[in-house]
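Spelled out from the first residue to the last, the chains are:
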Amino acid sequence: MPARIEPLAITAMSATSALGRGIAAHLEAIHTGATGLRANDFSSAALPCWVGRVAGVEAAPLPPEHVAWECRNNRLAWLGLQQDAMLDAVTRAITRYGATRVALLLGTSTASIGATEEAYRRLDHGRFPPDLRRPWIHTLHSLAGFVAEAAGIQGPALTISTACSSSAKVFASAERLIRLGLVDAALVGGVDTLCDSVLFGFHSLGLVSTRPCRPFDYHRDGISIGEAAAFALLERVAAAPASPRLVGYGESSDAYHMSTPEPGGRGALAALDAALASAGIDAGAVDYINLHGTATPKNDEAEAHLLARFPHRTRASSTKGLTGHTLGAAGTLEAVLALLAIQYAAVPPNTGCDAPMPDAAPWLALRPESRTIKVALSNSFGFGGNNACLVFARAASAA
Amino acid sequence: MTAGLALGVTGMGAFLPGAPDWPSLREVLLGHRDPDPVARAKPAAAILPAAERRRAPEGVLLAVEVAAQACAMAACAPAALPCVFASTHGEISITDYVCTTLANAPLDLSPTKFHNSVLNAPAGYWTIATGCTAASSAVSACHCSVGAGLLEAASIACSEATPVLFALEDVAAAGPLAAVLGTRTPFGMALVLTPATGGIRIRLEPCARPVDAPLPTIPPALHATAGNPSSTQALALLAALAAASPARLLLPLSSGLSLALEILP
Chain A
1 MPARIEPLAI TAMSATSALG RGIAAHLEAI HTGATGLRAN DFSSAALPCW VGRVAGVEAA
61 PLPPEHVAWE CRNNRLAWLG LQQDAMLDAV TRAITRYGAT RVALLLGTST ASIGATEEAY
121 RRLDHGRFPP DLRRPWIHTL HSLAGFVAEA AGIQGPALTI STACSSSAKV FASAERLIRL
181 GLVDAALVGG VDTLCDSVLF GFHSLGLVST RPCRPFDYHR DGISIGEAAA FALLERVAAA
241 PASPRLVGYG ESSDAYHMST PEPGGRGALA ALDAALASAG IDAGAVDYIN LHGTATPKND
301 EAEAHLLARF PHRTRASSTK GLTGHTLGAA GTLEAVLALL AIQYAAVPPN TGCDAPMPDA
361 APWLALRPES RTIKVALSNS FGFGGNNACL VFARAASAA
Chain B
400 MTAGLALGVT GMGAFLPGAP DWPSLREVLL GHRDPDPVAR AKPAAAILPA AERRRAPEGV
460 LLAVEVAAQA CAMAACAPAA LPCVFASTHG EISITDYVCT TLANAPLDLS PTKFHNSVLN
520 APAGYWTIAT GCTAASSAVS ACHCSVGAGL LEAASIACSE ATPVLFALED VAAAGPLAAV
580 LGTRTPFGMA LVLTPATGGI RIRLEPCARP VDAPLPTIPP ALHATAGNPS STQALALLAA
640 LAAASPARLL LPLSSGLSLA LEILP
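Going down the list, the protein sequences come from chains A and B.
Under the numbering used here, the first residue of the first sequence is numbered 1, with each subsequent residue one higher.
Under the numbering used here, the first residue of the second sequence is numbered 400, with each subsequent residue one higher.
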């Protein structure tokens with residue numbers, strides 16, 4: 001089991017998703033349970049399903065100085081950075097520590113592949129059209145390359161792309177860089193946009209529901225794909241002793257199958273156990289779990305095995321009925337929702353579920369609940385059996 | 400502040416056309432011979448079960464081949480070994496297939512090709528084939544993928560006091576993407592890094608990039624790998640490890656930093 005880690009302060013955070021732009025829109029959804037999903041109006045060919053689409057991305061071009069990075073995914077990243085004074089917080093960290101002492105760790109599953117798809121739709125005698133002959137937007141590091149430039153970060157910059165656990169793992173990587181003294185702060189986050197690749201790709205696997213997704217519902221039949229940009233700034237606790245904290249994390253591999261989770265949830269349990277050990281807490285100390293809860297029959301069945309570890313007073317929900325499955329952005333988006341649960345004493349509801357699976361029902365918060373949350377977990381599991389579990393705590397209980 | 404990360408390199412793996420394993424590439428890097436024009440062009444990837452080997456894309460074959468070589472040399476069981484798989488551009492041939500299919504008949508997209516398109520396909524196939532339940536990751540940093548990927552692997556080794564497998568692979572670009580991304584030759588390399596004593600001692604430290612940082616040099620016989628900055632940098636690193644004499648190398652790490660890699664006596 002991993003050794004206990006020193007907590008880190010979350011000194012700024014932001015979220016942009018189908019629920020709206022910024023923390024306030026997400027807090028409202030936590031309190032009302034109103035979904036941001038809508039009938040698919042995105043894919044280049046018809047596909048009957050529901051999507052979590054961010055309104056207005058098409059009308060928000062990048063500023064002229066960043067035009068070389070122009071593409072829908074970087075637009076969403078830029079929109080996200082504008083919310084909740086996120087860029088100001090990064091600028092303060094750069095002023096305090098120096099631009100090369102701030103790391104950038106971003107998760108994404110497909111980055112700006114939407115631009116590559118467009119280039120293939122508009123091939124000009126077998127070549128990309130001139131406006132899309134920009135190598136940077138056709139590679140996975142496009143997002144991090146753009147955000148580093150836009151935010152002025154010059155420290156280590158890395159894209160983590162482990163499918164749907166990508167932007168949970170960025171917290172772990174950031175903690176290690178800070179613990180080793182390689183940097184003093186890290187901007188972590190995840191950005192993934194809707195694109196044909198994921199809509200038709202998950203459809204080909206039979207994993208997309210034709211209805212709004214129903215996490216942990218007895219009749220659940222697949223995911224609703226969403227898009228999001230979410231960010232968090234991590235610093236040592238001394239920099240902001242009153243801020244909520246990252247207190248632990250665990251990572252593991254299923255070693256089972258490329259696109260199906262291990263049915264007993266053993267890989268996920270290994271990540272959970274490692275996360276609790278690194279936080280130095282027992283399962284009984286956990287007040288809220290933001291579940292991965294994709295609403296596929298197999299994910300939710302495997303993940304429900306984890307709940308048996310917790311007392312019934314621990315509340316749990318998947319927020320994918322609110323936002324859709326935002327894939328590589330889900331790890332950070334749902335970390336932000338877990339942190340909001342701590343800060344505002346509000347359990348986000350498991351929107352979309354009417355008939356809860358019996359082995360999950362005792363823990364599920366089907367409706368919004370008010371209660372004190374000192375410790376919150378966030379689960380993220382990806383293709384290839386890639387698991388991550390994060391532990392957050394409010395300042396008072398983290399010592 | 401840090402005095403850098405001190406590690407030992409206990410295992411090495413490599414694959415490129417004409418030098419399909421570390422012993423043969425080492426001979427080329429030391430100038431003892433040229434790449435063998437009749438050496439096999441496809442990675443054996445013998446660690447994969449036959450059915451998986453048929454299903455896996457080339458990047459996966461490359462990655463598991465070099466990873467298995469490095470683990471064998473390090474006499475290190477993969478099952479408990481955290482792993483970091485890096486790539487400059489990922490599985491470009493699958494990206495080409497996916498985008499071509501989406502442009503013409505999106506509902507015909509192959510589910511196997513789709514799940515093979517994720518950057519963590521090599522990590523997925525590797526952990527499944529070796530029964531590895533430790534943390535696995537898939538990373539990219541474009542032309543900084545060697546430096547940034549190595550720092551990620553080294554930070555796991557040093558902060559969690561465990562050996563770590565680091566692998567990097569790129570396949571040749573295919574289709575219209577080839578004119579944009581430019582990688583012309585498949586290449587793979589892997590290292591087993593240990594925080595304990597043993598192997599070739601190295602030290603890694605981020606440092607401000609000198610204005611005139613020299614580009615790493617590699618033997619002329621390997622210039623065919625040019626076009627992919629990662630393979631050029633990785634070959635320079637492997638050349639320094641092959642010589643196993645004190646050396647200092649600067650690898651691009653970010654817009655403001657290089658990763659200084661020292662090979663210690």
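Incorrect hints may have been included.
[Said to hold, decoys possible] A short list of chain B residues far from chain A (calculated; beta carbon distances all over 12 Å):
1. L429
2. K441
3. A443
4. A504
5. A522
6. G530
7. S539
8. G581
[As the list claims (entries may be wrong)] Now the stretches of chain B that chain A is said to cover, found in silico as 3 or more residues with beta-carbon under 8 Å:
9. 540-548
10. 552-563
11. 570-579
Rather than coming from a laboratory, the hints here were simulated on the basis of the structure.
Remember, it's a predicted structure, so these values are computed and weren't measured experimentally.
All residues carry an ideal CB built from backbone N, CA and C; glycine is no exception.
Against the structure, the hints:
The claim that L429 (chain B) lies off the interface holds: its Cβ sits roughly 32 Å from the closest Cβ of chain A, which is beyond the 12 Å cut-off. Separation of K441 (chain B) from chain A is adequate, the least Cβ-Cβ distance of about 21 Å exceeding the 12 Å criterion. In this structure A443 (chain B) is separated from chain A by more than 12 Å, as the shortest Cβ-Cβ distance comes to about 21 Å. The Cβ of A504 (chain B) does not lie farther than 12 Å from every Cβ of chain A; its closest approach is about 9 Å, which violates its non-interface assignment.
Not every CB of chain A lies more than 12 Å from the CB of A522 (chain B), the least distance being 6 Å, so the non-interface label is violated. A cut-off of 12 Å between C-beta atoms contradicts the statement that G530 (chain B) is not in contact with chain A; the least separation is 5 Å. Here S539 (chain B) does not stay apart from chain A, with its beta-carbon only about 4 Å from theirs, under the 12 Å limit. Residue-level check failed: G581 (chain B) sits 7 Å from the nearest beta carbon of chain A, not beyond 12 Å.
With 6 residues bearing a CB less than 8 Å from a CB of chain A, the stretch 540-548 of chain B meets the requirement of three and the coverage assertion stands. With 5 residues having a beta carbon nearer than 8 Å to a beta carbon of chain A, the stretch 552-563 of chain B meets the requirement of three or more and the stated coverage holds. With a cut-off of 8 Å between beta carbons, the stretch 570-579 of chain B has 4 residues touching chain A; three or more are needed, and the interface restraint holds.
Comparing the model with each numbered hint stated earlier shows that hints 4, 5, 6, 7 and 8 do not hold.
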